[in-house]
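S.K.: Chains as they are written, first to last, in this note's numbering: chain V, 1 to 235; chain L, 236 to 535; chain Y, 536 to 779.
Calculated directly from the structure, the hints in this document are not laboratory data. All residues carry an ideal CB built from backbone N, CA and C; glycine is no exception. Treat the hints with care, as some may be off.
[Said to hold, decoys possible] If you want the footprint, here are the derived chain V segments under chain Y, 3+ residues with CB under 8 Å:
{"#": "1", "stretch": "12–20"}
{"#": "2", "stretch": "188–200"}
{"#": "3", "stretch": "218–227"}
[To be verified] FRET-style restraints, in silico, Cβ to Cβ:
{"#": "4", "chain 1": "Y", "residue 1": "Gly576", "chain 2": "V", "residue 2": "Asp210", "range": "40 to 46 Å"}
{"#": "5", "chain 1": "V", "residue 1": "Leu212", "chain 2": "Y", "residue 2": "Asn560", "range": "32 to 38 Å"}
{"#": "6", "chain 1": "L", "residue 1": "Glu430", "chain 2": "Y", "residue 2": "Tyr671", "range": "28 to 34 Å"}
{"#": "7", "chain 1": "V", "residue 1": "Ile37", "chain 2": "L", "residue 2": "Pro400", "range": "26 to 32 Å"}
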Amino acid sequence: MHHVLLDRWSQGESPLHHRDPRAKIPVLALFLVALAITPVRDYLAIGVEAALLLTGILVSGLPFFGILLRAMAVLPFSVTFGLMSWIAGEPERAIALVAKSYLSTLAVLLIVGTTPLPRLLAGMEALGAPRLLVLVAQFLYRYLFVISEQAQHMRLAASCRQGPVDHHRPRFRAAAGALAVLFARSYLRAEGIHRAMMARAFTGRFLALDSLRFDFRDGLFLAGLTVFLGLVLTL
Amino acid sequence: MHIPDNFLSTPVWAALDVISIPAVGFMVKQAGRDIEDTRIPLLGVMGAFVFAAQMINFPVAVGTSSHLVGGALLAYTLGAAPAVLVMTVIIAIQAFVFQDGGVLALGANVFNMAVAGVLAACLPILAAGSGRRRNAAIFTGAVLSVMVSGSLALGELLVSGVAMPRFLILTTIGVFAVNALIEGGITVSVVRLLEKLNSGMVTGRRKEPQRAVAALGSSALVLGAAGFLFASTAPDGIERLGIRLGIAAKTAFHAPLADYTVGYFDSAWLRKATAGIAGLLLIYAVCAAAARWIGREKSA
Amino acid sequence: MTPLIEVRDLHYHYDDGTQALEGVNFTLQAGETVALFGANGSGKTTFVLQLNGILRGEGSVTVCGLPVSKENLAAIRSKIGMVFQDADEQLFMPTVLEDVAFGPLNQGLDPEEAVAKAKVALEQAGLSHAANRAPYHLSAGEKRQVALAGVLAMQPEILVLDEPTTFLDPPAQRHLVDILRDLPQAKLIVTHNTRFAASLASRAVFFQKGKLVADGPVDEIVQRYDWTYSPLAADFRYSAQRRF
Chain V
1 MHHVLLDRWS QGESPLHHRD PRAKIPVLAL FLVALAITPV RDYLAIGVEA ALLLTGILVS
61 GLPFFGILLR AMAVLPFSVT FGLMSWIAGE PERAIALVAK SYLSTLAVLL IVGTTPLPRL
121 LAGMEALGAP RLLVLVAQFL YRYLFVISEQ AQHMRLAASC RQGPVDHHRP RFRAAAGALA
181 VLFARSYLRA EGIHRAMMAR AFTGRFLALD SLRFDFRDGL FLAGLTVFLG LVLTL
Chain L
236 MHIPDNFLST PVWAALDVIS IPAVGFMVKQ AGRDIEDTRI PLLGVMGAFV FAAQMINFPV
296 AVGTSSHLVG GALLAYTLGA APAVLVMTVI IAIQAFVFQD GGVLALGANV FNMAVAGVLA
356 ACLPILAAGS GRRRNAAIFT GAVLSVMVSG SLALGELLVS GVAMPRFLIL TTIGVFAVNA
416 LIEGGITVSV VRLLEKLNSG MVTGRRKEPQ RAVAALGSSA LVLGAAGFLF ASTAPDGIER
476 LGIRLGIAAK TAFHAPLADY TVGYFDSAWL RKATAGIAGL LLIYAVCAAA ARWIGREKSA
Chain Y
536 MTPLIEVRDL HYHYDDGTQA LEGVNFTLQA GETVALFGAN GSGKTTFVLQ LNGILRGEGS
596 VTVCGLPVSK ENLAAIRSKI GMVFQDADEQ LFMPTVLEDV AFGPLNQGLD PEEAVAKAKV
656 ALEQAGLSHA ANRAPYHLSA GEKRQVALAG VLAMQPEILV LDEPTTFLDP PAQRHLVDIL
716 RDLPQAKLIV THNTRFAASL ASRAVFFQKG KLVADGPVDE IVQRYDWTYS PLAADFRYSA
776 QRRF
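Please construct the entire structure, taking both the sequences and the accompanying hints into account.
M.R.: Set out below in structure tokens:
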């Protein structure tokens, strides 16, 4: 599963992995904005932005072709819309759309692939995201793996008992039943988590461990890339 | 429908990012008032459930299948504000971890699915209360949720100047309609099964239906979304609007500014964007008002 | 000697009215290890959840001299540590270290002290290498150990374990026995695994339909209620006993 792979990638030890998320998130945002506002015909700028990304991938130690391949997930959308733009008489817009959307996806993959999600979330909270949102995201991610596996088991079990392909009504009802059961089990699991929290003297508020350390390398990374992107846009 | 980055034009995605922040912020505060930290694992687990549920395929016709979006189901089981919160988290994780939907486009996707979509799901239930028409209300809510999110997404794309031949627009709306009906069916079946398993899992509903307000809210939302979509597909109307605005601007401003404003409003893209954004602001106003009203209802 | 746990005439019924516990009397002395046997649904887990106030019935429940009431909950939950059956439900933090530090943090320690305590607990469990890993990467046995470490980091006086051998393969079960034998706390073990119980406990209680119907040596209870799954195993065990 995709998130399992990404989770494995994020356990690496490259210089990019070690950067504080409070530097990586703004850099990602700046890069995406720069890419978005790069004029359609400015192929040089797009090329430089692509080169920057590729350098990042090399530094990160992530599987080179693996990540390039994963980013292609956006291509079905962008190529479709690109074709329509081409037909509508705007070929440059089409190329820009495909290139930019691919590079955006690649950039997000690079940052998320080099930052374990809990750290990414901690960075977002430090940068101002509401605490409640971050905590819910943390729990969602924690149980995503467990519950997806459960769902896969249920799919497997259901397919073992599958009736004729054209019997839609019973299959629909079976799928709805599977969903209800999955919901109920998830709900019960949440109750179990609640009991476990209570048993360990939960005070009513999640307390943070504060493990992010921003050092001069992070500052350098952030400042350097801001300047670089600024130059790319103005020149 | 998750919009990737670089599909929306800069004023559109930027405006939606700006709009979504207070909208989500308000709902988060509202949810924070309803729930203590002890409920956070439940919200997280429910979000994980929606993700996993999207893996379960529902047969539509030979060869095609659809899957649950989840906004309506979350609204009926967790309540409006927590549902907005969880949907926002889901959309954000879909964007970052699964690259399904853009990061800059988060504002747009969150607005469409987490804010407008959830509110569209809530309004019919408020109209029906806990009476006999509850199942119909749940169905309608789920259908509206998908239709409103889809129409908004489509409209935003068109307003951004993405070229889409008319037949494709109509086909897309048709696909949304089919998905909406399936969402309705799935949501009703699941809610009914849940009530059989354990009625504690579905939030209790208020006794008297708030028919007038809910009907007003629903129609405003639906008209807003449909109107927005229609406006974005009709460039002539927008151009005329833009020219009229341009003339109004010319007469309103003094000479030193005149040249600047004329050039400004003559740009086709800006005309479309202005009209589109005006439409979105209208929908936003409706959502915000409905949200505030729902929020007041809950704390009452 | 004052008992660590004293339960007198405990009654509890669910929201829908069914009686879950009826007139339960129980004591636990320091250093004792007691096994809780009984059919599924007989009230073992419900009973155990009364001891740290997660469920509240009528009757008297006193833990380490403190009656179970709202004011005493925090203190009681520091004294009685509970490890549940489903390890995934207990390891709810993003990393192992954060999870083990959860209890100490709740006890009021600063982040640094809590992390230090957590690291010590992990080292004792032999899982220091897993400190920064996410819980879902661990095996069932490792998760169980982390859950135990999370409870031990709070330095409780009593340990309660609910079906601790579920999902554990025999070597992992033996490993768990070794770990538990070395722990000084008084222990309550809810289990269906009679051999596991016999390796650790000297005493057992038997629950039947919400009532605590028997309290005595493990072997005696097992024999009286025929609480083994295989006549062969029982024969071997009891014939071996008679021979030596």
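S.K.: If a hint holds in the structure, say so; if it doesn't, say that too.
M.R.: Hints, one by one, checked against the model:
1. 12–20: violated (count 0)
2. 188–200: Holds, because 9 residues of the stretch 188–200 of chain V bring their Cβ atoms closer than 8 Å to Cβ atoms of chain Y.
3. 218–227: violated (count 0)
4. Y:Gly576 - V:Asp210: 40 to 46 Å: At 44 Å between Cβs, range holds.
5. V:Leu212 - Y:Asn560: 32 to 38 Å: Violated, since V:Leu212 and Y:Asn560 (Cβ atoms, about 52 Å apart) do not stay within the stated range.
6. L:Glu430 - Y:Tyr671: 28 to 34 Å: For L:Glu430 and Y:Tyr671 the Cβ distance comes to about 32 Å; the hint holds.
7. V:Ile37 - L:Pro400: 26 to 32 Å: holds (28 Å)
The structure fails to meet hints 1, 3 and 5 from the earlier list, while all remaining hints are met.
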